[in-house]
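Asks: Residue numbers (full-length UniProt numbering), protein chains in the order written: chain D, 1 to 350; chain X, 1 to 350; chain S, 1 to 350; chain C, 1 to 350.
Errors might be hidden in some of the hints.
No copy labels: a pair is met if it fits in one copy or bridges any two.
DSS-like, lysine-lysine: derived pairs with alpha carbons at most 25 Å apart [what the hints assert, rightly or not]:
| no. | residue 1 | residue 2 |
| --- | --- | --- |
| 1 | K70 | K32 |
| 2 | K118 | K145 |
| 3 | K20 | K32 |
| 4 | K20 | K145 |
| 5 | K32 | K118 |
| 6 | K20 | K118 |
| 7 | K202 | K118 |
| 8 | K70 | K202 |
| 9 | K70 | K145 |
| 10 | K32 | K202 |
| 11 | K145 | K32 |
| 12 | K202 | K145 |
Hints are computed from structural coordinates only; laboratory data are not their basis.
Bear in mind the structure is a predicted one, so any value in this text is a computation, not a measurement.
There are 4 protein chains.
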Amino acid sequence: MVVVMTPEATDADIAHVVEKVESVGGEAFVSKGVVRTIIGLVGDIDSFHGLNLRSLPGVANVHRISDPYKLVSRQHHPDRSTVWVRGVPVGPDSFTFMAGPCAVESPQQTLEAVEMAKAAGATIMRGGAYKPRTSPYAFQGLGEKGLEILAAVREATGLPVVTEVVDARDVPVVAQYADMLQIGTRNAANFGLLQAVGEAGKPVLLKRGMTATIEEWLMAAEYIAQRGNLDIVLCERGIRTFEPSTRNTLDISAVPVVQATSHLPVIVDPSHASGRKDLVVPLSRAAIAVGADGVIVDVHPDPETALCDGPQALLGAELRALAQAVRQLPPALGRVDASALARTEAATSA
Amino acid sequence: MVVVMTPEATDADIAHVVEKVESVGGEAFVSKGVVRTIIGLVGDIDSFHGLNLRSLPGVANVHRISDPYKLVSRQHHPDRSTVWVRGVPVGPDSFTFMAGPCAVESPQQTLEAVEMAKAAGATIMRGGAYKPRTSPYAFQGLGEKGLEILAAVREATGLPVVTEVVDARDVPVVAQYADMLQIGTRNAANFGLLQAVGEAGKPVLLKRGMTATIEEWLMAAEYIAQRGNLDIVLCERGIRTFEPSTRNTLDISAVPVVQATSHLPVIVDPSHASGRKDLVVPLSRAAIAVGADGVIVDVHPDPETALCDGPQALLGAELRALAQAVRQLPPALGRVDASALARTEAATSA
Amino acid sequence: MVVVMTPEATDADIAHVVEKVESVGGEAFVSKGVVRTIIGLVGDIDSFHGLNLRSLPGVANVHRISDPYKLVSRQHHPDRSTVWVRGVPVGPDSFTFMAGPCAVESPQQTLEAVEMAKAAGATIMRGGAYKPRTSPYAFQGLGEKGLEILAAVREATGLPVVTEVVDARDVPVVAQYADMLQIGTRNAANFGLLQAVGEAGKPVLLKRGMTATIEEWLMAAEYIAQRGNLDIVLCERGIRTFEPSTRNTLDISAVPVVQATSHLPVIVDPSHASGRKDLVVPLSRAAIAVGADGVIVDVHPDPETALCDGPQALLGAELRALAQAVRQLPPALGRVDASALARTEAATSA
Amino acid sequence: MVVVMTPEATDADIAHVVEKVESVGGEAFVSKGVVRTIIGLVGDIDSFHGLNLRSLPGVANVHRISDPYKLVSRQHHPDRSTVWVRGVPVGPDSFTFMAGPCAVESPQQTLEAVEMAKAAGATIMRGGAYKPRTSPYAFQGLGEKGLEILAAVREATGLPVVTEVVDARDVPVVAQYADMLQIGTRNAANFGLLQAVGEAGKPVLLKRGMTATIEEWLMAAEYIAQRGNLDIVLCERGIRTFEPSTRNTLDISAVPVVQATSHLPVIVDPSHASGRKDLVVPLSRAAIAVGADGVIVDVHPDPETALCDGPQALLGAELRALAQAVRQLPPALGRVDASALARTEAATSA
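Taking the hints into account, I'd like the entire structure generated from these sequences.
Replies: What follows is the structure, encoded as structure tokens:
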């Protein structure tokens, strides 16, 4: 931490800062410049927070230097992690394709969508039973009935289930059915929910808040990790910007930035980032090429009748193009596909 | 609603859209342009949502024309509303000054802060017992113990209490102590929480999501209203932009924009918007002048030791300047101050 | 300046940084932390820039501590400046109301608009002869013919003229007619133009780039100042954000932020910030209350036929409301109006 | 165009709009809804702009439906264009790698950088002689002397030169030396400069304004095209967002969005988008995979001494990784590399 004094700060102001820092066991290094003095702090950063240094007389600003997250940081955990979802890996050695309908609408629609996804190479199925919607008048999901459908489709297809939980009170029931709990973009700062999924004993798919900085996103992961759960997969899904031609702006740079600072796997959701099905295939290719550990996309057997986000659901030619990209690009870039790894793991663990 | 067809759309595509619209009882008016055809839709907008028009062949885009909110709209409720908080009005005929510590830390700190606030003219006290913090390592609030302190300080000062609730599971206990429930900026899209406070039978202070559009903010209010609670006060508290010199950017225009489209009262939080105490007084003046129905600010008897947001808490000279602005400016702009109205109300209801 | 080393930086890396800093006459203070080392730099900041410190091995980041602007900074010029425009002051002791049509369309339209403006209390007239337009198919202004109209209307009304210049090649001709040269939001980083107006010998009205940080805006002013011209008035006119209900988001906080760091006067343009005439009066009131040194607004005798930005031009009742606010609010806040000062100045200099 | 009336609009208001539209030869289709009336306009959109429809009584809003650009639109020019730069193609059938130093500092530094670039597979060299800098105290480029160096290095290496022009007055001299004129991000709305390069008879590399929407970017291209020059290559280089970990946020989606609406080639600048050399290789891979027609990157023989943007310049291992990606990925995605095409073209035209 670095404390920057105002040009008007007195020697007494400087001494006061030093004294405060030393009172909690820290060390303070004073650099007197021509115009300003800066003070470098060494010691336990958490103890410094309690000092409220920015409120002291003569203090212009306080800069944090180290990352505020610990458990999810790559600093003390240099190897990138792999998260296993009912036997399917998500991590640096594989490329995982997750797909399914945005919302679970009926047993048939869900089964058809997941079979399409599986045929295209998906190894994890997605589907929403609890839908956070901007309008209270929009379809809010089937709730537990939707979870039952997901379980039945898992039975039929063999694909593990990732599904969103939007309320801490629903975590137990969702955890009972799902193989991975998804935290959606609107709940990225819902700390009670983050803590609840941290205690649920299931892997978590943590979407980036559409207006969260990467640091805030990693702090959200830290909330989960702090409850003892490090099986977290991060998911970049677009941020809010001024550009109106896409629903959000996919921050593709976030993938290598996260991989440089955290050991957690990171995947990309091109469907929700763009909101346009004509962009899902090129953005998926970009995600693979930038080094993402997977993608998650919307598919629907009949987008015209979808109750949620129909315009971004893939089918037919686009899904085939995506299947081809997922099959061919990762190996060209030195990755194997997750289904192969899953088979190996299954064989090994058998 | 207006459906815009692509230049390549066929007559059959157009007929398909018309047919879909008519199938749910709507009317479709077709305007064939030189390059494109547009179709105006008349009827029940909610029934059109289910049609997934954006997914139909030949459809380029669908523009919504009407506001998506209803209960909070000014359209069928042209008079602006007043919300009463334990006898203190917030609305178009008054100007309400709410103040108190960001976080409840101890009985003494809270009492001192609220006494400062009251002496400066505040008629509603604020104070946080449950604190949503970006870092899991930061102070998270005293919980129910904090609520007890708030109740004791209300007893001592006579000021009604507004306090934040961050988890739907805490709504009953918070509603038991508080006179007004606050939804913070990070929970602006926590729909389960919005519904829970909608059912709690207490007035709600709904802060704008730091990345919510005004329309999304009003949709959040609609979630509360839909559960039967229209005692909602909106609070503009800054939005996230690229400008780094303030914590967020106070969107002062949001006040008249909201007042033009919704009947709900709207106040301003200059402390959290700016994160800088030197800006609280000028921004409060701006809020009064733009026509806000109140302000809510942080005060602390000793910002240097504050456990939360010390750098933005007022004291001494700044608080006196604010008190003066709150006393003098609203009457200069044709408003009376809320404490006078509260007294009148008390006299009337006595 | 503070250099932050990576956790992996070696002693040799640290020594290399120190040596570089000392090679240009600076001093380096090393603070070794548990995880990282930080190095405080003291000396001539410009000489440090040439060192490319961020490229040295072991360097994680470099934080600038001081403001990068000098001539426009309040640090060595603590008194806030007043800029005189043909005898009309813009500065801390007055409140200046500038108004006129967005674009000069004809002698009659301009004269009528300026007479409306003058009747409402305006003491400086605005009007565009060169219009920067997003579309090459939109009206681009009358050019020199427009400047002649402005000069004639100044003759008729006695109001000094501020008008925009969009191309460095036009600076001489615009400076020949205008009393103040305006740099528009789209040219806030057109450094050649900034330098050209810096040499033109006329006061400058520098609008903030719609996507410029306050620091970048002050650096643009520094470009002008560096050419020997400190008669610069800054104008906040809204920044680009995600909020769609206004054309841009008026950053009202920018006014006190600028006043704290620069000695230059700062005014507000509520017309272009919002793009909505129903917001011009409340935002002007907010500008006065927050402490701005003036406002500049669009008026038009017949907005329905305006060739540019008709929807934001005031007339009738709104203009009267604005006139009243400009007359009454500044004195209530301790300011006199600029026309009074202009008269005094005229009397004094006579 | 669609005109949306307010709920309070009268029949006379509606008739007034219709009459106005018909007065300029347009047709108006009225759709009366339960709450609002909407009016679809058919005819010449430019004639409608002059009507100022948003200012008419009873008008709530006016939505434009068609794209405002024409010459650069794909609508009447469905095949994507190839731009030839001194015999090197940039377009849909090739992938073009442009590289060189951010700034021309000396003959030797430029030659070394370009030789590095050429060895890595670059077929067009970049280098700045005129540098737009936020600070007037930063290195501003060597000017014409820099252009001479670029010409000499072209002589030595055979690579065509792209270089930035920042002032309309410099266009003739830059066009005399350069093979392609670059418009930088800060000049994306400098309309006089856009028109000047439109008349210079050389291909143009048009960077996106860091805060321009895609539509505004294409309108900037329209300014150039309108002067008779359609040899324009668009360059996505990151937009300004709230995320601080990269200098700007690369809007990778802009590539397919532009390709869907414009026939112009579009390339990506990962160096300036991110400002971090560790991101240049992954972002270049993403650019190739998303379908960009090329990349442009900074290289420097000694980033530690670079006068501009040293921290983002590649060398050594990173440049080799980039060279490999440029060689292997485009063919894997069905593209040939531009140098091969250039050779073919040379052979054909010989």
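Asks: Against each hint, give a clear statement of whether it holds in the structure.
Replies: Verification of the supplied hints:
1. K70 / K32: between (32 Å within a copy, 20 Å between copies)
2. K118 / K145: within (23 Å within a copy, 52 Å between copies)
3. K20 / K32: both (18 Å within a copy, 19 Å between copies)
4. K20 / K145: neither (57 Å within a copy, 29 Å between copies)
5. K32 / K118: Cα proximity of K32 and K118: none, with 64 Å in one copy and 43 Å across.
6. K20 / K118: neither (60 Å within a copy, 32 Å between copies)
7. K202 / K118: within (23 Å within a copy, 49 Å between copies)
8. K70 / K202: For K70 and K202, the Cα distance is within 25 Å only inside one copy (21 Å; across copies 40 Å).
9. K70 / K145: neither (39 Å within a copy, 30 Å between copies)
10. K32 / K202: neither (52 Å within a copy, 41 Å between copies)
11. K145 / K32: neither (67 Å within a copy, 42 Å between copies)
12. K202 / K145: Classified as within; 20 Å inside a copy, 32 Å across copies.
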